[in-house]
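Trainee: Residue numbers (the working numbering), protein chains in the order written: chain A, 1 to 231; chain B, 1001 to 1224; chain C, 2001 to 2273.
Heads up, a few of these hints could be off.
[Unchecked claim] Cβ-Cβ distance ranges computed for the label pairs, FRET-style:
1) A/D155 - B/R1013: 49 to 59 Å
2) B/G1105 - C/Q2059: 49 to 59 Å
3) C/A2236 - A/A221: 34 to 44 Å
4) B/R1013 - A/D112: 20 to 30 Å
5) A/R27 - B/G1012: 45 to 55 Å
6) C/D2268 - B/G1032: 26 to 36 Å
7) B/A1168 - A/Q208: 26 to 36 Å
8) C/D2111 - B/G1032: 38 to 48 Å
9) A/D112 - B/G1012: 34 to 44 Å
10) B/P1104 - A/P82: 31 to 41 Å
11) C/T2024 - B/P1104: 50 to 60 Å
12) C/P2258 - B/D1165: 23 to 33 Å
13) B/L1007 - A/R54: 25 to 35 Å
14) B/G1032 - C/E2164: 45 to 55 Å
[Claimed, not checked] A partial selection of chain A residues facing chain B, derived with a Cβ cut-off under 8 Å:
15) E90
16) G92
17) A93
18) C94
19) H96
20) T97
21) E108
22) A178
23) Y180
24) V181
Keep in mind the hints are simulated off the structure, nothing from the lab. Where is the CB? At the ideal position from N, CA and C, for every residue including glycine.
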Amino acid sequence: MHLDHQDGFPERHTYSAAGPVRPDGTRRALRIGLGGPVGTGKTATVAALCRQLRDELSIAVVTNDIYTREDAEFLRREAVLPTERIVAVETGACPHTAIRDDISANLEAVEDLEDTVGPLDLVLVESGGDNLTATFSKGLVDAQIFVIDTAGGDDIPRKGGPGVTTADLLVINKTDLAPYVGVDLEGMARDAKAQRGDLPVAFTALKQPGGVAPVAEWVKAQLADWTAAQA
Amino acid sequence: MSRAALLVLADGRFPAGGHAHSGGAEPAVTAGHIKDAATLETFCRGRLHTAGLVAAGLAAAAAAGLDPLLLDDAADARTPVPALRQVARRLGRQMMRAARATWPGPELDALAAARPRGAHQPVVLGLAARSAGLTPLDAAYAVAYENISGPATAVVRLLSLDPFDATAVLARLTGDLEQVAAQGAEAADRAATEGLDALPAASAPLLDIAAEAHAAWPVRLFAS
Amino acid sequence: MTRTLPRTDTPQAPALPAGGLRATARITARADAGGTTRLPVLDGGGPFALRHIQSHADQARVCLIGAMHAPLGGDRLRIEATAEAGTSLRVTAAAATVALPGRTGDPATYDVHLTVGEGARLAWLPEPLISAEGSDLRMTTTIDLAPTARLVFREEQILGRSGERTGALRSRLTIRQHGRTLLDQETAYGPGAPGWDSAAVLGGHRAIGQYLVAGPEFDDKPAEVRLLGAAAGGDADRGQGVLAPLGGPMALATAVAPDGLALRRLLDEAAAG
């Protein structure tokens, strides 16, 4: 994943993410995965990204819930995108399997979206809240965001784990709660730096206006790289 | 080619989407019909000799080189509810993706082109087995095993059933499994000369009814 | 719904070497020059007696009488009914059919072949088939439909008369349209059928039924899935079922119930649309 970030998007070695071009010759959408523990704000991040970017980009969302369709239903209710742009993958109670070990259903969902709603710039693939070790397969996404929050305690970055250490972007959400839960944001930043080296970290407070801006900027930069690489 | 390819094809980790499906076990658990290892075994035996037998025949016939498009129609005729037809096609498409990555071949490409929305999963699995150099009987074994290992794995998650007990259930069903695989392969052999009506068409009314009821649940753990 | 009926000997039935009957009954409905449905062929045979009951509007009506006397083990019975182009035929039965054990232990066979021509209508609404303890029946129903044919078909199977265990009952239902098989279903219940009473197959139910409606109107508007009885949230003792569209222009209701009465209610519910 470090390499992903530096080189743009190296050739995939699995058949499933067979290159950046769709069968009709057009460039496929950039796929970004969002993972992280339960309740940290993954769905809220997806919703905020959609609201922020939907006027300039053609976006779709794939959710991977533990219980069927819950997150997709939430996003539809919130009307962050037209209903047909939000698809739920059923995971048999194991979202981490569906995003990493057997990505076939997610790949179907992504390709179906591109077929049914037309050319897309960006597909956000959200994992159901799982655990600190859940990461996306490179066969499924081009880059991944790992979302944790201050309410989960300031030792999460120090503990590491594949999500925290290797995600292309680490989002530490709910910074507005830090004073109330006794969390040291600077300490979290130091720990994250120690675990992640040069990989970026974004601090967010999604409840506040423009709270998702750092993540949106990062997504746009990814998309610019993707577009340039495939031009 | 090598018989060892059967181990790859039948592995529960073969990435073809099966993990998200309970094979009707979720509604059976909710209805109280599956509550322990004994009732899981009864359920799996019934499923194996009905849906499993049909799938074994289709897979063996596809592995034997019978026309996969005609087999796909035969699968439709043997699947009287749309929920299960849709699941079979979705899983078939996922199996196709995995099969073309593992054992690429022109027959798989042709079926993928002819059925872009997916062919019935046992047909695709049979063709994958053929592409891997496996025999019709091998294909019947793989599909019949998957037919009961899926529900057993699902019940471990749904009931927190002891995984040793669930695996012991599968071990106790190996005799039935051999019988069903042999029946499927033998029927496929006859279908080559007598036509596809020779393939098994065993139906399981409760699996059909429960599949449609389950598809309408607003909240569920498994896709089917 | 289950009844016990005595067997009566039927003199016209030729005996097979194995001691069973071999009999075929035939019904053909044909439109006359004025378009009225006539019955040029109405041949009973063996245990089957056919009665042309009063026609209703343009529909010819036939009642099957005496099918309850068979099949016994070893019997080979067959019914062929054809509704030729433009006709309307309705076939019912006077009573349930009971499969009984024979003297030899050989299975009995009972084959029903229905053909419905262009623009024709066939309603095939017999009474239930009851599998008595110790019996062994292999039944096939084969239906050939022209593209514009209309069919209403009901099949009910009761496993065991009241208070007894079921016999062995294997049944295959095949529906073809224009040579293409649109439904192929085999059921196997009772001794020798592994897993038949499991929660995947019958789960303790003793009455199983199907109700099928075919017609060109389904080409434009496929049936919508409808859950029946307990599957729709009703009481478990009502049984359960589902009405669903098939691959072709037809809809099939499948139901299981504790007894024949509850089963008929579910199938009537499906038929009521």
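Trainee: Each hint: holds or not?
Mentor: Status of the hints after comparison with the structure:
1. A/D155 - B/R1013: 49 to 59 Å: violated, 33 Å
2. B/G1105 - C/Q2059: 49 to 59 Å: holds, 55 Å
3. C/A2236 - A/A221: 34 to 44 Å: violated, 59 Å
4. B/R1013 - A/D112: 20 to 30 Å: 24 Å Cβ-Cβ, so the 20 to 30 Å window holds.
5. A/R27 - B/G1012: 45 to 55 Å: violated, 36 Å
6. C/D2268 - B/G1032: 26 to 36 Å: holds, 28 Å
7. B/A1168 - A/Q208: 26 to 36 Å: violated, 55 Å
8. C/D2111 - B/G1032: 38 to 48 Å: This hint holds: roughly 39 Å between Cβ atoms.
9. A/D112 - B/G1012: 34 to 44 Å: violated, 25 Å
10. B/P1104 - A/P82: 31 to 41 Å: holds, 37 Å
11. C/T2024 - B/P1104: 50 to 60 Å: This hint holds: roughly 54 Å between Cβ atoms.
12. C/P2258 - B/D1165: 23 to 33 Å: At roughly 31 Å between Cβ atoms, B/D1165 and C/P2258 fall inside 23 to 33 Å, so the hint holds.
13. B/L1007 - A/R54: 25 to 35 Å: Given range 25 to 35 Å: violated, Cβ gap about 47 Å.
14. B/G1032 - C/E2164: 45 to 55 Å: Violated, at about 27 Å.
15. E90: holds, 4 Å
16. G92: holds, 4 Å
17. A93: holds, 4 Å
18. C94: Holds, about 6 Å.
19. H96: violated, 11 Å
20. T97: Nearest chain B Cβ about 5 Å off; hint holds.
21. E108: holds, 6 Å
22. A178: violated, 34 Å
23. Y180: Given a least distance of 33 Å, the restraint on A/Y180 is violated.
24. V181: violated, 31 Å
The structure shown violates the earlier hints numbered 1, 3, 5, 7, 9, 13, 14, 19, 22, 23, 24.
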